[in-house]
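> Here's the letter readout for the chains.
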Amino acid sequence: MPESKLLTEHYHKDEYRGLQGYKANGGYQVIEKAFKMDPQKIIEEVLNSGLRGRGGAGFPTGRKWSFLPDNGEPRYLLCNADEGEPCTFKDRMMMERAPHQLIEGMVISAFAIKSHKSYIYVRGEYTESVEILREAIKEAYDAGYLGKNILGSGFDHDMDVYAGAGAYICGEETGMISSLEGKKGQPKLKPPFPAVKGYLGKPTIVNNVETLAAVVPIIKDGADAYKKFGTEKSTGTKLFSVSGDVQKPGNYEVPLGMPLRELIELAGGMKPSRTLKAVIPGGTSAPVLNKEEAEKATMDYECLAEMGSMLGSGAVTIIDDTRCMVDMLHVITHFYHHESCGQCTPCREGTGWLNKIVNSIVEGRGRLQDIDTLCKVADHMKGKTICALSDAAALPVLSFVPKFRSEFEFYIREGRSKVKGTRYAEMHA
Amino acid sequence: MPKCTLNGKEIEVAEGTTIIEAYKKLEEDIAHYCWHPGLSVAGVCRLCMVKVEGNPRLQIACNTVVQDGMVISNQDDEVKEAVRWGLDFHLINHPLDCPVCDQAGECGLQDQYMKFGKYDPEMAERKVKKSKVVDLGKRVVLDSERCILCSRCVRFTEEVSKTNELGIFNRGDHSEIGTYSGKPLDNNYSLNTVDICPVGALTSRDFRFKQRVWFLNKKQSVCTGCSTGCNIDVYFNKEGVWRFKPAFNAEVNGHWMCDKGRDYYANLNPYETHVEGERKDKKVKRIPVRLLNGMKGSEMINSQDLAIEVGQRLKELGGEKVALVITGQQTSEELEAVTEFFAKDLNSKNVFYWVNNKENFDEFDGILKRGDENPNTKGALKTLEKFGLNQTWSQLTDGIEKGHIEMVLVLGPENQQVYPDFKTRVEELSKAKTLVWTTACLNESLDKSNVWQIPANTFVEKEGTFINHAGLEQKISFITDLVHNAFDGVELARLMRGDDLPEEERFKNSPYKRVNNEFTSIRGDL
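Respectively, the protein sequence lines represent chains A and B. Number 10 in the working numbering belongs to position 10 of the first sequence; there are no gaps in the numbering. Number 366 in the working numbering belongs to position 366 of the second sequence; there are no gaps in the numbering.
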């Protein structure tokens with residue numbers, strides 16, 4: 001199955017970044033169509049398209065929009081461009097290659113949900129994306145695609161870019177809202193949900209970059225055309241950031257439901273004389289798939305959920321037989337320990353505990369009971385906190401350890417890696 | 001009114017009640033740290049887990065509103081396991097230095113671990129080290145390692161004192177409570193953060209290391225710091241009074257009290273302890289601060305005999321030549337008894353009301369503290385009204401000046417610090433031939449040859465009623481005896497009238513009666 005470039009068709013062209021190039025390639029036409037539609041009709045179209053949030057949780061976008069209360073309060077649209085999930089790099093490409101596509105998608109979405117102000121919350125490390133977006137927003141204002149009375153429709157919309165400070169937790173929607181409000185980036189207690197009480201206590205919709213950009217093709221050709229791609233429950237196309245031990249790592253836009261095998265082939269296949277060992281299908285917080293599972297998996301929400309994993313942000317990390325799983329888990333637990341906001345106790349203490357245990361193992365101080373402790377700690381962190389970071393930290397542990405237990409046991413008994421044959425210090429010399 | 005079932009018991013609650021409030025109403029056990037009835041919901045300790053039938057995930061009771069027909073339980077094995085682990089997560093980086101921790105005995109971690117704990121720790125890794133003995137402000141000391149980051153103190157400064165001094169700095173398991181540099185925790189309500197701290201992270205600079213809390217007894221009383229009349233718990237043992245803490249009263253003070261009111265406890269103890277020198281040369285000096293017996297000029301005399309003598313002298317001089325001065329610092333009963341003695345027995349109209357800071361009476365800080373720093377101003381006015389007395393202060397000074405008034409009895413203010421005109425009034429009144437002053441605390445300005453001093457009881461040593469600014473009558477009860485020769489106004493009136501005091505009333509709490517360690521009747525509550 002080849003790529004289906006619904007969003008990324010013109011990404012290879014340099015001029016697509018600018019307003020002229022974007023318009024020359026068919027940009028800003030859908031916005032005119034949208035303004036002729038009833039806002040409610042747009043929401044229905046998005047609902048019918050089956051579009052699900054592309055940021056990680058996969059919540060149906062149209063349904064999220066329909067939660068907004070009709071109380072006359074100002075509404076905010078926030079674009080979540082705080083792409084923090086390790087191994088994910090699709091939003092960055094979208095913002096840097098086609099900033100106007102995102103702006104167009106956001107204006108259409110804002111028109112649909114009757115919001116007059118939106119922010120793009122960009123991850124702090126993406127300094128280039130911020131510059132490009134600012135430039136593009138300025139162009140859009142000058143061309144009348146933003147500001148007062150857009151294209152004579154009577155609809156006003158203002159847009160701004162906000163650069164985060166590089167915290168993973170600010171990718172969580174309520175964490176992002178706190179950060180945007182100028183507070184410490186910590187998730188808020190739910191309920192109330194952002195759709196009811198979000199940014200500045202007003203109804204707020206938070207969507208991922210890819211989700212908002214996908215609104216453009218949905219409105220352009222209609223929900224039915226969009227639904228032709230993908231499976232019944234996972235419609236449309238998705239950008240996958242394929243990385244790791246493949247020959248051509250990169251972003252690939254393919255219809256959902258594509259077999260993982262084919263995605264690997266698309267990314268150039270495995271490196272010579274190496275074999276597939278495992279795949280993390282949706283960013284490091286998604287449970288790892290072993291070889292057998294990876295060979296059967298198709299890249300859609302249902303199949304991966306059935307296998308106990310998830311599609312997540314679409315960051316597919318291919319792991320071949322030269323990788324030490326203990327070492328990999330060490331990197332992952334270190335990341336979540338570093339990024340836990342420290343609000344909820346199970347996550348604050350649990351992420352540190354997990355990291356310390358794995359650290360003890362890689363440094364040769366491990367005890368065999370540590371393997372069980374790891375699983376118990378992770379198990380009790382799961383589903384106990386305000387946001388999903390605790391789960392994100394627990395799930396890799398709960399999949400790495402049982403699926404590759406022999407590697408952990410070997411490491412503890414011998415003090416060295418089963419795969420590499422060396423100690424931690426030598427591995428990272 | 002939604003009805004729900006909690007652990008098998010049916011309960012009907014008001015609309016919008018959270019599950020944890022329903023648990024508290026039923027007095028069922030539920031583990032929690034971050035929830036506090038006087039603060040907003042943070043939902044971060046994740047301990048108040050409950051199972052709601054029909055919901056696959058455990059819910060936190062503090063942020064879940066009771067819906068009609070809910071079947072809720074925290075006796076489920078799944079909940080119990082979650083709470084056990086939740087407590088263990090709290091403890092893995094806690095230093096467990098209970099033997100040297102000031103909170104031990106009234107610690108939320110100790111109490112709840114005993115009830116809900118796992119008793120089988122599995123943490124074998126190194127704990128996170130954080131700073132100890134952090135100076136947060138002039139009253140509060142922080143131990144970051146003990147802190148479980150429940151954020152109660154932060155929410156308190158945000159929501160109640162509205163001073164926003166505290167915040168959580170850093171992230172993950174390196175998070176620490178702190179203040180912005182150069183902006184210490186300095187407000188009149190800062191010690192409430194110590195009360196609501198469920199662990200020994202925030203401790204009172206004044207109280208720490210002075211007493212083990214299980215050697216203290218507590219009884220409820222009313223703060224005399226101002227006309228608000230906050231309800232307080234007085235913590236005391238046979239050595240004296242050690243601290244005040246607010247007692248919940250929704251009508252008056254809610255959960256809080258001010259720091260100024262707390263400071264007053266030190267004035268009650270008969271002696272002030274000073275430590276001089278270090279280590280081997282250390283000397284402990286006890287300096288008396290309370291009046292311990294009757295004083296006739298510089299001559300010490302039994303207080304009871306002195307009171308009887310005062311009574312006789314007053315009766316001899318009779319109505320016109322004597323005067324009484326009252327303040328808003330005595331209980332209504334005392335004021336009434338002594339005024340009655342003057343108005344009825346002596347047939348005198350010379351009863352004067354001493355007001356300390358009239359111009360500040362209407363001040364209010366918006367939380368609790370009022371400008372009227374007398375607990376019973378309303379009571380004093382009521383007494384004067386009852387006996388139809390309305391003499392002005394100038395009538396008194398004129399009377400003394402002209403020699404009409406020869407003897408003045410002053411029911412002196414218990415808290416002399418809030419009477420800035422104390423010294424001038426003493427000068428003014430000591431122009432009379434004899435000035436009799438009932439006082440709890442020593443004061444240099446009273447050391448005059450014509451001033452007779454009678455030791456008075458403080459509010460923890462007597463019973464009575466205070467009427468607060470809103471007209472609410474609040475009873476105080478006897479708590480402990482600190483100065484054995486002191487008596488209150490009611491007893492003074494009896495002695496002056498010539499009636500004797502019954503023996504048991506004189507020695508309610510004799511120092512010679514050996515009392516064993518007084519354990520707090522109720523263990524530290526949250």
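Hints in this document: simulated from the structure, not taken from any laboratory. Ideal Cβ placement from N, Cα and C applies to all residues, glycine included. There could be a bad hint or two in this list.
[As the list claims (entries may be wrong)] Label-pair ranges, simulated between beta-carbon atoms:
| id | chain 1 | residue 1 | chain 2 | residue 2 | range |
| --- | --- | --- | --- | --- | --- |
| 1 | B | 364 | A | 148 | 47 to 55 Å |
| 2 | B | 14 | A | 190 | 56 to 64 Å |
| 3 | A | 426 | B | 98 | 26 to 34 Å |
| 4 | A | 60 | B | 77 | 55 to 63 Å |
| 5 | A | 60 | B | 220 | 50 to 58 Å |
| 6 | A | 200 | B | 220 | 21 to 29 Å |
| 7 | B | 25 | A | 191 | 21 to 29 Å |
| 8 | B | 57 | A | 60 | 42 to 50 Å |
| 9 | A | 183 | B | 119 | 32 to 40 Å |
| 10 | A | 193 | B | 208 | 41 to 49 Å |
| 11 | A | 426 | B | 205 | 50 to 58 Å |
| 12 | B | 57 | A | 368 | 29 to 37 Å |
| 13 | A | 70 | B | 364 | 38 to 46 Å |
> Does each hint hold? Answer for all of them.
How the hints compare with the structure:
no.: 1; hint: B:364 to A:148: 47 to 55 Å; verdict: holds, 48 Å
no.: 2; hint: B:14 to A:190: 56 to 64 Å; verdict: violated, 23 Å
no.: 3; hint: A:426 to B:98: 26 to 34 Å; verdict: violated, 43 Å
no.: 4; hint: A:60 to B:77: 55 to 63 Å; verdict: violated, 35 Å
no.: 5; hint: A:60 to B:220: 50 to 58 Å; verdict: holds, 57 Å
no.: 6; hint: A:200 to B:220: 21 to 29 Å; verdict: violated, 44 Å
no.: 7; hint: B:25 to A:191: 21 to 29 Å; verdict: holds, 22 Å
no.: 8; hint: B:57 to A:60: 42 to 50 Å; verdict: violated, 20 Å
no.: 9; hint: A:183 to B:119: 32 to 40 Å; verdict: holds, 39 Å
no.: 10; hint: A:193 to B:208: 41 to 49 Å; verdict: holds, 43 Å
no.: 11; hint: A:426 to B:205: 50 to 58 Å; verdict: holds, 52 Å
no.: 12; hint: B:57 to A:368: 29 to 37 Å; verdict: holds, 32 Å
no.: 13; hint: A:70 to B:364: 38 to 46 Å; verdict: holds, 42 Å
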